[in-house]
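Here are the chains, one letter per residue:
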Amino acid sequence: MTEIQSVQIITLTIDGKPVGASGGETILDVAKQNQVFIPTLCHLEGLIPYGACRLCLVEIKGNNKLVPACITKVAEGMEVITNNERLQRFRRWILELLFTERNHVCSVCVANGFCELQSLAEVLGMDHVRLPYLHPKFVVDATHDRFVSDNNRCILCGRCVRVCSDIEGAHTLDIMGRGIKARIVSDLDDDWGNSPTCTRCSKCVQVCPTGAIKEKGRRSVGEKFKHRDVIAHLAEMREAAREED
Amino acid sequence: MVTLDHLSDIRRKVSEAEEQRNHRIHVCVAAGCIAAGSRKLLRAFQEEITSRGLNDSCLVKGVGCIGPCAGSPAVAIEPEGIVYCSVKPEDVPEIMDSLAKQPVARLQMSRDLPFFTRQKKIVLENSGRIDPEQIDDYIAAKGYHALYKVISTMSPAEVISEVIKSGLRGRGGAGYPTGLKWTTVAKTGQQQKYVVCNADEGDPGAFMDRSVLESDPHRVLEGMAIAGYAVGANKGYIYIRAEYPLAYERLRKAIKQAEEYTFLGQSIMGTTYGFHVELRLGAGAYVCGEETALIASIEGGRGTPRPRPPYPAERGLFGKSTLINNVETYANISSIIRNGGDWFASIGTQNSKGTKVFALAGNVKNVGLIEVPMGETLREIIYEIGGGMEGQNKLKAVQTGGPTGGCIPESELDTPVDYESLASLGSIMGSGGMVVIDDSVSIVDIARYFMEFSVSESCGKCVPCRVGTTQMHELHAKINRGEGTKRDLELLEELCEVVKHTSLCGLGQSAPNPVLSTLRFFRSEYEAQLTDHEVLAAEGVAK
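If you read the protein sequences in the order shown, they are chains A and B. All the letters of the first sequence, read from the start, carry residue numbers 1 to 245 under the working numbering. All the letters of the second sequence, read from the start, carry residue numbers 1001 to 1543 under the working numbering.
Chain A extracted, bound-state conformation (with noise of 0.2 Å):
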């Protein structure tokens, strides 16, 4: 006998237009599924939400609070807002924090023009900065003989970080030290290139979405070419495996 599951269905409004949606299903991929754009950075398909980059925050009407589109969950009722003069204008000031905190200069980066920061400040007309820039100087790690970790162009996105230990299961890679000084370290601060756990697996580089780890033995600068469509693939079939089980 097959067992039927019930699937709790909702309706919900996102932008005024009535939508449909399935119970468990997050703000964001409904959005998707209905050609909505949200701005995103953090998550990335197949990877646990993060919540921390801020650009998916939407409005909900009843609710004073800014909610990120990636995290939650829709609700019968719910009435969205995804773009407004507000959201926009915090959206461009994310980007523009972002911008100033390290260095992000695309000319000179292996990821020009398959960068997503440099495609969002595009698309969402952040087109100068107002405050000062940060310079940090941080060590880059080239010591791996396949990848280079390049903190000066990390974001902290954490997506390399969860794709290692939740794809992967290696977890090499973690952040360290706190607030402006967080950084990407891999096993416990050591030389990539030493570390015992890393499987050379190469997701870190495909996941990442500047120029923050990249691959050793290309030219320069605007190579940087990702298949991210992989990790949701991955992550699918993982799923599924468990599911057999």
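In case anyone wonders, no lab produced these hints; they're calculated from the structure. Predicted model only: the values in this text are computed from it and were never measured. The reader is advised that the hints may include incorrect statements.
Here are the computed lysine-lysine pairs in the DSS-like style, where the Cα-Cα straight-line distance is at most 27 Å [unchecked claim]:
(1) B:1235 - A:181
(2) A:61 - B:1500
(3) B:1165 - B:1235
Guided by the hints, dock chain B onto chain A, whose structure is given.
The following block gives chain B in isolation, referenced to the frame of chain A:
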């Protein structure tokens, strides 16, 4: 099986031992007084009593915080109720000579002062009276009677309804109704639940929770055990910062004693209810006082917050339903159970019930730990209980709520202290820090001090808090250096708004408060420092 007779026996034993002595000398052994030499003082009293052969008529013991911390070390003589401040070992013979005669006037702090008479002690009722390291002392002060009452005569639902009736709200700062929180956890149908006590007090200048834990640790354990019974949890964690070694040590001893008396453990008081408490040390991150970061830290992970919902009540520690309350919240529970929710609700204001402990600090005469009913005005607290300003300078502002609170100006001093009133002034109740600032201090400097704190304590997870607080600090410092322009001030204000509305956790969301509240009430001080100040003045913008 423990019965009421057991508890009464212990009470009788302790009170008989006390009554046999004509004089009881209480020496404060909370951290502040220990730092001022109270352990030496305690020994000096013991030696003096022994050398005079008065061991049968005089009792000397170390007790928790007596209150007037500005006069550390403090000593109280019972049953007369005399308080001596700034006592040195050399003063001991003089004090011993004065027993049953006229008190030593030069050391005495009158008990008739508003500092003592205007306070209302619930959380601190045993502080300064019992030896925090003796469970019998606590029992003699009706300790563990509430736990006994709960286990022997009340259902979990009745306990919760009593807490709801009391109107108690979380004392950690946000003021969420405690009864509602307990109900939510009780109603989740999960098998394994946890009770967590947040003792990661990190506000600069705040020492309320520390004092409660050092002066009356059993009170917190009893509150947690009652909470565990009410919500259906059999395991509790106290997350305490490693910077509080004395509080940690006293808690450790208290847990051991409570286990020996079966007030904690597998079978509490011989019943089927079991509740274990473990201690966890925090490694010094302010953000770990945020509940989701605290949970991550107990689990052994990096102490960073995660978005809520799901709230800890639904998915908390190790993925299980978890009740998290602050030290002071748990410390109120036993009194509520013993005296009833209605009694508690009769104290305080319409929406803020009971009392609140404040750490009174800054340019005020009576620096110390106080407990007042909710709804007292700031003016009453500072000028009556606090004894007014220290020195010749006038009061400029009161800073409440710690680094994420705000500065309240002289003109608003008649505001009653409750959650809503403080919030309406752009500050917060917070955990209970209260710093009095006189007019010799630049308010811009004060805001910068708290900004620096937020910058160094941001965990770095979300962008607005990590970069936003740093940039706020840069802009603020630029203005403070006299290099800022009107445009910088506008940018600063806009950035404050962004950080407030877009940060992930409460720390980031309230990090702009010191700047916003000082801008609200002391804008001219900022404007006076702008390079284009003269232009502004000419336009009539600045005074």
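Results of checking the hints against the structure:
{"no.": "1", "hint": "B:1235 - A:181", "result": "violated (36 Å)"}
{"no.": "2", "hint": "A:61 - B:1500", "result": "holds (19 Å)"}
{"no.": "3", "hint": "B:1165 - B:1235", "result": "holds (26 Å)"}
Of the numbered hints stated above, the single one contradicted by the structure is hint 1.
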